[in-house]
Amino acid sequence: MAFISVKNLRKVYKIGNEKVYALKKIDLDIERGEICCILGTSGSGKSTLLNMLAGLEKPTRGDIFINGTNVAKLSEKKLARFRQENTGFIFQSYNLISQFNALENVGMPLMFKGMPRSKRDKISAKMLKLVGLGSRMKHRPNQMSGGQQQRVGIARAFVAKPNVVFADEPTGNLDTKTTDEVMRLMVRMCRKYNITLILVTHDLEIAGYSDRIVHIIDGEITSIEKNESVYSPEDDEKKESGPDNNTENSEVSEQ
Amino acid sequence: MKIYDMLIICLRNLWRRKGRTLLTVIGVVIGSCAVIVMISLGLGMNKAMDSMLSSWGDLTAVTIFNGNGSGMMFVTDDSHYSGNSNKEKPPLNDDALEMLKNIDHVSYVIPKITLSNEMVTLCSGRSDRYRLGWGEIYGVDFSMLEKMGYEIEEGAIPNEHNYKESIIYGNEITYNFRDTKKHGNASMTAKQQLPDGSFTKPFVEPVGGDFKIGINNTKKPNEDGSYPYGGRGYEYKLTGAAVLKQDPNWETPYSIFIDIDLAKEIIESYNRLNGVKKAKAPEYSQVKIVCENIDSVDAVQKAVEDMGFTASSMAQVRSQMQGELGVIQMILGGLAAISLLVAAISITNTMIMSIYERTREIGIMKVLGCFIGNIRLLFLMEAGMIGLLGGIIGTIISYIISFIMNTFAGSAFAQILGFGGDGGEVSIIPIWLVLLALGFSTVIGLISGYYPANRAVKISALEAIKNE
Ligand SMILES: Nc1ncnc2c1ncn2[C@@H]1O[C@H](COP(=O)(O)OP(=O)(O)OP(=O)(O)O)[C@@H](O)[C@H]1O
Ligand SMILES: [Mg+2]
Chain A
1 MAFISVKNLR KVYKIGNEKV YALKKIDLDI ERGEICCILG TSGSGKSTLL NMLAGLEKPT
61 RGDIFINGTN VAKLSEKKLA RFRQENTGFI FQSYNLISQF NALENVGMPL MFKGMPRSKR
121 DKISAKMLKL VGLGSRMKHR PNQMSGGQQQ RVGIARAFVA KPNVVFADEP TGNLDTKTTD
181 EVMRLMVRMC RKYNITLILV THDLEIAGYS DRIVHIIDGE ITSIEKNESV YSPEDDEKKE
241 SGPDNNTENS EVSEQ
Chain B
1 MKIYDMLIIC LRNLWRRKGR TLLTVIGVVI GSCAVIVMIS LGLGMNKAMD SMLSSWGDLT
61 AVTIFNGNGS GMMFVTDDSH YSGNSNKEKP PLNDDALEML KNIDHVSYVI PKITLSNEMV
121 TLCSGRSDRY RLGWGEIYGV DFSMLEKMGY EIEEGAIPNE HNYKESIIYG NEITYNFRDT
181 KKHGNASMTA KQQLPDGSFT KPFVEPVGGD FKIGINNTKK PNEDGSYPYG GRGYEYKLTG
241 AAVLKQDPNW ETPYSIFIDI DLAKEIIESY NRLNGVKKAK APEYSQVKIV CENIDSVDAV
301 QKAVEDMGFT ASSMAQVRSQ MQGELGVIQM ILGGLAAISL LVAAISITNT MIMSIYERTR
361 EIGIMKVLGC FIGNIRLLFL MEAGMIGLLG GIIGTIISYI ISFIMNTFAG SAFAQILGFG
421 GDGGEVSIIP IWLVLLALGF STVIGLISGY YPANRAVKIS ALEAIKNE
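These protein sequence lines are chains A and B, in that order.
Following this note's numbering, the numbering of the first sequence begins with 1 at its first residue and continues without gaps.
Following this note's numbering, the numbering of the second sequence begins with 1 at its first residue and continues without gaps.
Rather than coming from a laboratory, the hints here were simulated on the basis of the structure.
These numbers come from a predicted model, not from an experiment.
Glycine included, every Cβ here is placed at the ideal spot set by N, Cα and C.
Any given hint could turn out to be false.
[Claimed, not checked] Covered stretches of chain B, as calculated for chain A (at least 3 residues, CB under 8 Å): (1) 5 to 19; (2) 371 to 383; (3) 390 to 401.
Kindly produce the complete structure, drawing on both the sequences and the hints.
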């Protein structure tokens, strides 16, 4: 079985007597370390699929296996443990806790695992340096730009070295330039730790960062397309050695 | 999640909404203050009542007064009487004494025989110049004097061999001796303090002086209403042995004590002289039964009454008064409880508001893998902390209120509550009350937080995804 395997998945919302088929019948396999993009127009059911993959919602029918566990059948308690061990989440609106500073926000998944403060602060600090926010550790979310906040969000998603990271429109609130930087950062992190990334977007440009693009229309997969010209961090390294690498520095160092 | 982390988050959240937290805490402060102060007043009342009662008599004692027409008079306490008066009363003699001793929880029994002024004349000095005007002579077991709690002011408890030749005085009664050779004021002495601090001397010498008890001949009264007394075989010579300190129950100052065996002999002589037919063994006029503790008094009294005696005890008065105080305390406590209830509701309200504000945060926590148990605990902690904080501040303020009441309003309160302002505390806050209040306010917080915490737990992880 593939690392992630979705079988016969259906989600129906009932509103009064009316039934909304958000997902009709989804079958999908994703390999470990793969960056998979779910692409579709608004209302096509992308978010619904992602939420179900992440176990935030229960499907009406069907199974979702992640690393051998049927997420659709887990109890609340087991789900929490499963999330601690397997998943990270990147939100469109960052969702940092406003009264925590960057370091504390990044350390949240480790805190829920029960890791002592000193240990998780060390790991979180390393993670923040990795996303280029080494000097913003004590900053609160409202003292940072959107791009910086999303970097903190990325650091938080990867800090516990999960098997899979889910991201729902992670760049939806960012401008084009920052979008590029954030996307590159996410891809680099995934490659570095061999983490599976499932990315939801309606933007073809962003889909270009993934290995595979799953097209979804009205709750059905219409086609799955392999991305040949996928972005690779090595491209950057090559560029770095070249003459014009100005854009690169801005990604690693914080703005 | 570590408890330490939860505590930090909990404190931060409380701090984040300082104003609201403060207002909620104030509610608890008022509630816990009300409870502590009311209970402390109740404790103060109970203590005042106990000290008032013990000034009337020993709280652990049950006293039997002999009602069988022995013709003896005795002074009674203000005690409450009970018992079935229709019943034939058994004789209060040595056999009865033995039975009383065997009742459960009885420490010891102290029989007393009363020799009234009518029966005997007590005098001193050459040709009986100084005569006791008024005062009762009690026959008690001299070996029990210390057990009875009597303390010596002057002299010493007589030696066992001298029991029958000794007499012991209360510290006021000696001033009741009159000089029969004089008239009017000159025939009396009053106890007065002299400028040098000492007291005026009575006519007689209570320690070392010689005394005489003469049996009265009641068949032939003198012209002035007194009786002729004494004569061969009807006189007992005694030596003053000691003066007793005034006891807290005010039993001793106006009492005179002789040994119980001597008192029995005197009664027999009296009966012989006056032709009273008394074939039965001599009876005691009073028996004091001392119980092991206050709580056993009721049972002992019941047992004594079942034997047919008329018994009285302070415990009876005490429980009656306690009942009345209990009603007052319940009303006060009820008022306090209402304010605590209001505080509890306001904690719940605060917590619900706080959860409403933090819906998204809770969703995020769930998505990031926080256990629902931890989320519940986090909110319970917050509510409990509000309660504890309120309890701590409430305790401090209660101490201040209590101090103010005890210092400034003591006598005023005592008057309102109907207790003599004897300088006692109106409000008492023992350590157990503090611990109880802290525990209680924390528990109130936890209970108030229970429903909101469960609501928090039910918030869906999807809340984190929703765009506002
Ligand atoms: N809680 C819900 N109750 C009822 N219908 C819902 C609910 N959530 C989603 N839907 C419906 O399911 C369909 C898919 O919604 P979904 O949020 O997955 O779309 P999406 O592809 O993420 O769109 P967008 O790009 O706008 O975010 C929509 O028609 C939507 O109306
Ligand atoms: Mg969506």
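A quick look at each hint next to the structure:
{"no.": "1", "hint": "5 to 19", "verdict": "holds (count 4)"}
{"no.": "2", "hint": "371 to 383", "verdict": "holds (count 4)"}
{"no.": "3", "hint": "390 to 401", "verdict": "violated (count 0)"}
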